[in-house]
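Starting from two chains that each stand alone, build the complex the way the hints lay out.
For reference, the chains in residue letters:
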Amino acid sequence: MTAVFPYPTIFGDVELRVMSVSVDNRELPYAMISATDRAVALHQAGRGAWERARLRLSVTFPEAEISSGPWSDVVFLAVLSEKATNARTTAVLSRSADGTMQGTIELDSVAHLRRATLGVSVVATVEGVAGRLVGSATQDWYVDLKASTPARQREIDIVEVDFKEGEHEWLRPYKESAWIVETTGDVPTVYLNTGAIEGLMVALRGSGGSPAERMLRDLAATQIAQDAWTAMFHTAVSDLDTDEDGTPMLPKGWRESVLRSMLPDVLPGRQPTDALYEIVERRTKGYGWAEIQTGVQFAAGRRSRATRNLTNAVRSVQNLEGAGGAR
Amino acid sequence: MEHPGEEFGPWLARQLNRMDMSQSDLAVRLGLTRAAVSAWVNGRAEPREETKRALAEVFGTNPALVDSRTSDVASGRPLRWHHRTAHADGGREYGNAAAFAFDADMSVLAREATQNALDERCDVGAPVRVHYTLHELTGEHLSSFLAALQWDELRPHYDRAASAEQKVSRSLRAALNELESRNSLVLLRVDDFNANGLTGPEYHDGRFAAVVRRQLDSHKQSGGRAGGSYGLGKATLWAASRFGLVLINSTLSEPHEGRTERRVIGRLDLPWRQVDGEAFAGPAWFGEPDTDPAHKDVSRSWWADEETVRSLHLDRRTSEPGTSFLVVGAHDASGDAEDLRDLHDKLVRSLGDGFWAAMVGGVAAGPLLEARVSTLRDGQVVVPEERVDPYTRHPALSRALQAHLDGHTVDCLTSEDQVARAEVPLIVTPLKGRGRARDKGREHLAVLLLTPAADADERHSRVVCMRGNRMTITEHRPRELPLGTMPFQAVLLAGYATDRDGEDVALAEEFLRASEPPEHDRWDRTEELTSLYERGAVSRLKEFRSDVDKAVRALVGRRETKRAGGPAALRELLTWDAPNAPTRRTQAFPTVRGVSAHVVESGAWSVTVEVKLPAADDPWRLTPVAKFDVRSGGRPVVGWAALEADEDCRVENGDLVVEAGVRKAVFRGVTNPATHPVRSGYARLVVEVQKARGGSV
Numbered sequence: 001m002t003a004v005f006p007y008p009t010i011f012g013d014v015e016l017r018v019m020s021v022s023v024d025n026r027e028l029p030y031a032m033i034s035a036t037d038r039a040v041a042l043h044q045a046g047r048g049a050w051e052r053a054r055l056r057l058s059v060t061f062p063e064a065e066i067s068s069g070p071w072s073d074v075v076f077l078a079v080l081s082e083k084a085t086n087a088r089t090t091a092v093l094s095r096s097a098d099g100t101m102q103g104t105i106e107l108d109s110v111a112h113l114r115r116a117t118l119g120v121s122v123v124a125t126v127e128g129v130a131g132r133l134v135g136s137a138t139q140d141w142y143v144d145l146k147a148s149t150p151a152r153q154r155e156i157d158i159v160e161v162d163f164k165e166g167e168h169e170w171l172r173p174y175k176e177s178a179w180i181v182e183t184t185g186d187v188p189t190v191y192l193n194t195g196a197i198e199g200l201m202v203a204l205r206g207s208g209g210s211p212a213e214r215m216l217r218d219l220a221a222t223q224i225a226q227d228a229w230t231a232m233f234h235t236a237v238s239d240l241d242t243d244e245d246g247t248p249m250l251p252k253g254w255r256e257s258v259l260r261s262m263l264p265d266v267l268p269g270r271q272p273t274d275a276l277y278e279i280v281e282r283r284t285k286g287y288g289w290a291e292i293q294t295g296v297q298f299a300a301g302r303r304s305r306a307t308r309n310l311t312n313a314v315r316s317v318q319n320l321e322g323a324g325g326a327r
Numbered sequence: 001m002e003h004p005g006e007e008f009g010p011w012l013a014r015q016l017n018r019m020d021m022s023q024s025d026l027a028v029r030l031g032l033t034r035a036a037v038s039a040w041v042n043g044r045a046e047p048r049e050e051t052k053r054a055l056a057e058v059f060g061t062n063p064a065l066v067d068s069r070t071s072d073v074a075s076g077r078p079l080r081w082h083h084r085t086a087h088a089d090g091g092r093e094y095g096n097a098a099a100f101a102f103d104a105d106m107s108v109l110a111r112e113a114t115q116n117a118l119d120e121r122c123d124v125g126a127p128v129r130v131h132y133t134l135h136e137l138t139g140e141h142l143s144s145f146l147a148a149l150q151w152d153e154l155r156p157h158y159d160r161a162a163s164a165e166q167k168v169s170r171s172l173r174a175a176l177n178e179l180e181s182r183n184s185l186v187l188l189r190v191d192d193f194n195a196n197g198l199t200g201p202e203y204h205d206g207r208f209a210a211v212v213r214r215q216l217d218s219h220k221q222s223g224g225r226a227g228g229s230y231g232l233g234k235a236t237l238w239a240a241s242r243f244g245l246v247l248i249n250s251t252l253s254e255p256h257e258g259r260t261e262r263r264v265i266g267r268l269d270l271p272w273r274q275v276d277g278e279a280f281a282g283p284a285w286f287g288e289p290d291t292d293p294a295h296k297d298v299s300r301s302w303w304a305d306e307e308t309v310r311s312l313h314l315d316r317r318t319s320e321p322g323t324s325f326l327v328v329g330a331h332d333a334s335g336d337a338e339d340l341r342d343l344h345d346k347l348v349r350s351l352g353d354g355f356w357a358a359m360v361g362g363v364a365a366g367p368l369l370e371a372r373v374s375t376l377r378d379g380q381v382v383v384p385e386e387r388v389d390p391y392t393r394h395p396a397l398s399r400a401l402q403a404h405l406d407g408h409t410v411d412c413l414t415s416e417d418q419v420a421r422a423e424v425p426l427i428v429t430p431l432k433g434r435g436r437a438r439d440k441g442r443e444h445l446a447v448l449l450l451t452p453a454a455d456a457d458e459r460h461s462r463v464v465c466m467r468g469n470r471m472t473i474t475e476h477r478p479r480e481l482p483l484g485t486m487p488f489q490a491v492l493l494a495g496y497a498t499d500r501d502g503e504d505v506a507l508a509e510e511f512l513r514a515s516e517p518p519e520h521d522r523w524d525r526t527e528e529l530t531s532l533y534e535r536g537a538v539s540r541l542k543e544f545r546s547d548v549d550k551a552v553r554a555l556v557g558r559r560e561t562k563r564a565g566g567p568a569a570l571r572e573l574l575t576w577d578a579p580n581a582p583t584r585r586t587q588a589f590p591t592v593r594g595v596s597a598h599v600v601e602s603g604a605w606s607v608t609v610e611v612k613l614p615a616a617d618d619p620w621r622l623t624p625v626a627k628f629d630v631r632s633g634g635r636p637v638v639g640w641a642a643l644e645a646d647e648d649c650r651v652e653n654g655d656l657v658v659e660a661g662v663r664k665a666v667f668r669g670v671t672n673p674a675t676h677p678v679r680s681g682y683a684r685l686v687v688e689v690q691k692a693r694g695g696s697v
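So the protein sequences, as listed, match chains A and B. Sequential numbering from 1 applies to the first sequence in my numbering. Sequential numbering from 1 applies to the second sequence in my numbering.
One or more hints might be untrue.
[Said to hold, decoys possible] Reference listing, derived: stretches of chain A covered by chain B, where coverage requires no fewer than 3 residues with Cβ under 8 Å from a Cβ of chain B:
1. 34-40
2. 155-161
3. 201-212
4. 240-252
5. 256-262
6. 299-307
[Claimed, not checked] Computed cross-link-like contacts, EDC-like style, restricted to lysine to aspartate or glutamate with a CA-CA straight-line distance of at most 16 Å:
7. Lys-691/B <-> Glu-278/A
8. Lys-691/B <-> Glu-281/A
9. Lys-164/A <-> Glu-176/A
[What the hints assert, rightly or not] Heads up, incomplete: computed chain B residues facing chain A, CB under 8 Å, no partners named:
10. Pro-487
11. Val-556
12. Leu-570
13. Leu-573
14. Thr-575
15. Trp-576
16. Pro-590
Everything labelled a hint here was simulated from the structure, so no lab data went into it. Positions of the beta carbon are idealized from the N, C-alpha and C atoms, including for glycine.
The following block holds chain B by itself, in its conformation from the complex (with noise of 0.2 Å):
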């Protein structure tokens, strides 16, 4: 067997709960005595074989049942919704206020759910596998969903929270209206294989307890690597849903129950609320009632058969460990992806932004992330499946951790497409009360890695700082580099991002880690900080600051800034081709915008000018001239065979007229073959306008 099942006294227990029969009443029906029976459910003692079968008509299964035990034996009981009662001392929560610790926003939530599900990568030899789903339900697809999720046990609910006057019971407010008046609804998946899923109990600790039942138990073992600590991240998903519910199915890394597959449970976050009468406090659970005593009718997770979990949108394809998470009602709070199509850009985009040094990989170490984003209509394909390229975002960031992972940086730049590294050292200060006197701390050697920008990098000149599973934490700006730097593209790698091991890069870790606050951008005073470690920690991430600009000043190279010579007072008046020079306005006078020539059979070219004019008072007379172009020398002119008005102008003896006012003239020519020098298939033209000599209007 694949996996062992359940030990044979916590089945039996949980049997005998869900069918509401005592050990007593088990012991009468085999005909021995309860002490037997509590043997067996204390693990003291497990059933002879033939007691085993008798068990199993006991139960009404086959004793293949009984000796496996990978499920449980009665068939599921009723789905239903668990509201939490309200607060016996009328404590009242109008919302989940870890949600409002971020924005709600797309990029919010494809960064927090991928560094969850990067921190808890199961195989280490392989990335893990993120795929984002968007999927909009209209018609027949949404009210099946909306009937496989009991809605109409939820609406009463809806509508009492919906009516306060409280922040989330407006914009819930809006949510329901829109459902109702637009008839479709937006379902955000989030999947994740090769993750260890959500393992562990229904209620106490463990992974499964931390997302669903708990709030701000940040349940990260994957040995200090891990990206968050505060446990917020996971709010983000709530907080995605406009109604505030999202449904789990998970595939465990490690059996429960006996079990590893269709894990499946589902949470609301409401805020206090009164239906029928009775008190509720914020959060539901969608599942199964429990039948032990302890949380007796509790909502709890269910091994869902195939059927359920497609009717729930929530099927993984797969028997891989991991989750999947499924926002019901997604948006994106920002404002700014308005249609399925900007909402699957901006994930990509996202996701390409946050997560691009994970999903890079080289000789040393291949990549920690794969992301994928497709979206779907009424399971339709609307934008085909996307895989995120993080060279197509960001090329040169990719491309100089690319050749720190594959050991091909140099130490000096000589090239543009090479990366040069240096090391930049971290001053670890000692734990409180750990340190010996006048212990400055241990050193980790941080990694520097520097490349010219490329064309396409929107921002550059910054140095990307990365910690744990290489999450950037935050772009630091190097101060006091020489004017007429060449733009470039940095990261710092420090702590387990450097991808060595040893006591120093664990403490650094640990330390950075410590210097974060909640949003984890940036490395500064915390209180965490300043609470465990001795003084001077703030000095030394300062230090740490100033020892990256000195890094980089030494490898984008020492430039002279002075270009030329004389009082800078003086030189700043003589500059040509100074952007801001006194004489940069829109041009006052005729200029030509377009040339359109072919040339015709007898081999005279035939063009058509749009000549662009400013504002005049005085009617224009222009003369067009077409010349031959040549690499050097005079140009030859060339005569016209034909001169017409196109559009606004007239041509007279030659010239075009354009009267005042008018900002925009089209002409034709034809040229006069005999005057060409060469023939019109060997030369390039060029036609100008300029005003008529001679003669004035």
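For reference, chain A alone in the conformation it holds in the complex (with noise of 0.2 Å):
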């Protein structure tokens, strides 16, 4: 879905790169920074409290098109916005002998939580006004002030803890149970208890092994996924906005990326934003609301490989069967 402007924009790409990070004035080695992730990580080891990260960009842009075409007092922003703390910093880029746009902009821990997003805005006079958008950075960059590794989030976080003795105090009402999934926070995490059921850890950990073992392993892990997807289906779906007709629009992080994956095994043959109206309205209306529930195990299955670990597990049990027959 892309918007069209009621004036000339921008055709070409505008690509934006870090080229370099000083914490505090001190250099950032070069591999917290990640041009093919598009993502620099802040965390480093050792140093906990530092005010002020200092990002050096370059901007590459359609040159010929920019000066041919019908804008004028072209102005290149860096933009550093982060939407839980409602930060945003900007600065102005300017010309480079090399034909890029460079400049450094700044971020204040203090004014940042967890993640700050990096982007570019190209703004002009057209057709007489002042100050219009007219292009942006294709892709915008992460700046993770908790990450110490450059990359992007793809995956949930999964917590190793004791729930009954470890430093989370909140598990502890959980003690008996063996995982816990959590999705309120920006990153869905799986809590693995380990000091519910002995060996299980150790199962899941492990690698190759016995059938039996792997046996375990799978379908160990396809139930705590088949939950996890579950859950994270279910918040997803929760708390949407809308447009002012009703239609519910799609969120953006982590939630984005569930229900793109998953509309399509819930709701078959509908766009992802048509599935999500209907899966609103029958929550909200009450009917139909159990046949969705079907889908979204069926969605939470296909992800956690339910079926072909069952197989595999029956497998092995007739094996296995068979072998002390013969005995």
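Rendered as structure tokens:
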């Protein structure tokens, strides 16, 4: 879904790169920047309290198009923002000798919480109106304050902890259960209880092993994953913003990824927004909500490889029995 | 005078040969004894001034020439082809085996010919300049070139050689047929400037004989820095010619026979053949019949006039030393370059790939090479002269080398445009019989440069290894790099490529060259290595490679590979965005493919929307919805003033109906400005096609 503008905008690509980062005037190793993942990791072991990071940026743009186009007073702005804190910092970039736009932008650690988004806006005067957005970076960067590896979050967090005696006070009530899925935060998290079932963690962590061990590991993983996907889906479809006509909007972040991935299995053959509309309708009006559960279960099961792992389990049990019978 | 002429003795001897005059004849004409003439010829004496004048009269020339001796007296003898007669033992060669050592590929030719030019750099303060010119001849231009080449004289040899059943004969036959049917011929000229040129005598050791007369003679004298060592590279010139024919014009860096400019000869490589009852061995030479009794009638190189070199397409524009090779009937046997433009591009590409390093210069050392390619047809420019720019093909690698030459490298990367430098030790094993007991050898410190890869790099995360005059030997893929390592480009400079001097540098250069096969494309076990060096040489190379890997790992930085905690078995089930996630199929629902829109005078949006639909059994009923796009919160819906079908659909009650099986539909719409919450000029518009709500089809 791309929006159309009532005035001419830049067609060519505007690409942003983070060249280097310094934290409190110390240069960060380049390994903390990933150009392929478009991510910067600011967390370094051994230094928790820092004040300010400076990011040196370089932006490439379609030079011929901009110089010959209907835009004047073209300004390149780097924009650093974080939704959670509502922080927004901008910096004007200037033309450098090699034809790119360059500049630095500062990130104040007090203004940010976890992950800031870094983008570029191209602003110009068009048809006599100043300050119009005529282009933006094709892809944003993430500046992660908590991560020590520059990578996009592609996975759920998994925390292994003793519910009964570990650091997380709030897990105490769940000390009987082997795992808990939590989907309230920025990143969904699975807490595995190291103190609940003796030997389960060992079996989960291992690789290879006897057929029985493999069977246990696969089935346990499938069971946990099934719970996690189901919980993530329900969290993702709740509390949605809607347009004026009541159409729900796709959420951002992991919720979007989860919905885009699961919706075609939950309600096949529909656009994500249509499917989302249907689900919200049924939940609020109450009809057909139960049928949706079947779809959710199916979608979660696919992602947890339930069928495959169960098939393997059945086979290995048959094999074990077969071997026992021959003895 | 710029360069002194030839010694009197050899000059006089040649003049007598050329004029078929004996020493006694001359003595009689001058009224002197034969012993006096003999003393001149043997260099024991030189005639007095008045005798020289008399000599000039006998030779029918002016005395100044006898004084300067910068050319021969008699005008050139007629040029002709001399074919080597067949071996007396009956042996036959059906082609030049050396030419089969390589693929007859333009890129191989560019690599070998340019490397040879680099190895012959004359003034080490300036780069060698190579210029590749593709020139297609047709019609008039073609016939006058063929006439200058005495094609009619060669034709019977080609016909006979092509009629045999050998591999070379078959491709020769195809080439002759094509020349006939298309009446066009592609010439490829390889010029080098600021190179030594083909110096030395006609038949004895020297650069000239190594290239023109001999096979597998690597006459490399550039202080052990040379790239090649097998003497195979020149064969690629002949291999690149469909007719096995190469013409040569060389300007020498040191005079031969008192002259430097326009030493010209042609060489032809054909398989064994029989013409007019006489058998010929293979090669033939185009030149002046030699008058020296030892090589009577062999075609030798001649000092051509400007007119002749022009007619042979061999004129060199400047008098700078260097050589021009003209490959007659140039082709690219790999088959991926069909027309002139392809060939041109392939040459530019190959030169950029093979010699980007030699073309980069910095503060510490200038570029070693400049390369250009141009393409003509019948003297008219087809592709204008193009200078090969190393930064176009290999931006990151060139930047790495430049930073090294400018002394701007760092120990540890903190920025994308930096270049990190590290030293990697190579232990050079002693030569057999030279080392003391338990001598492990000399340590040479190779230089490793590493920088983040550029976006445009097709290949990355490899180490380009070079030695000598920055000749790329091999691309090494470091092992055991942590997952998620940034893409990088790295250069390893060893031997003379380090731009250092010293005993260890020379030893390392020699050691590495010995470890290369004829293709010069890896450092590994070779016969030369194991026979010349003490035991352990191969292990030292292995250690060198693993030290390179280690240095790369240190420079790219330790990055934690563990991204999230938890057991792997569980983690792999809980990734989103995974490229092979189970639902990444083609989208099974209608999508808006493209919207073209503009604001009309009334303030309404006028849109044309293309919708893509999946295959379906039932018709689609869709509701087009227009909304203003806002930064946050709900988007206001805008009403339609008009909605009409354009392609493969119809409009019913504000819904779009598309029949089953239709995959693409287009509709037009105009919004109702009265429903706009803000002026249309201040908002962005999105159009969606949602499933019709309420009623059913």
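Problem set entry | Hint numbers not upheld by this structure, sorted from lowest to highest | none
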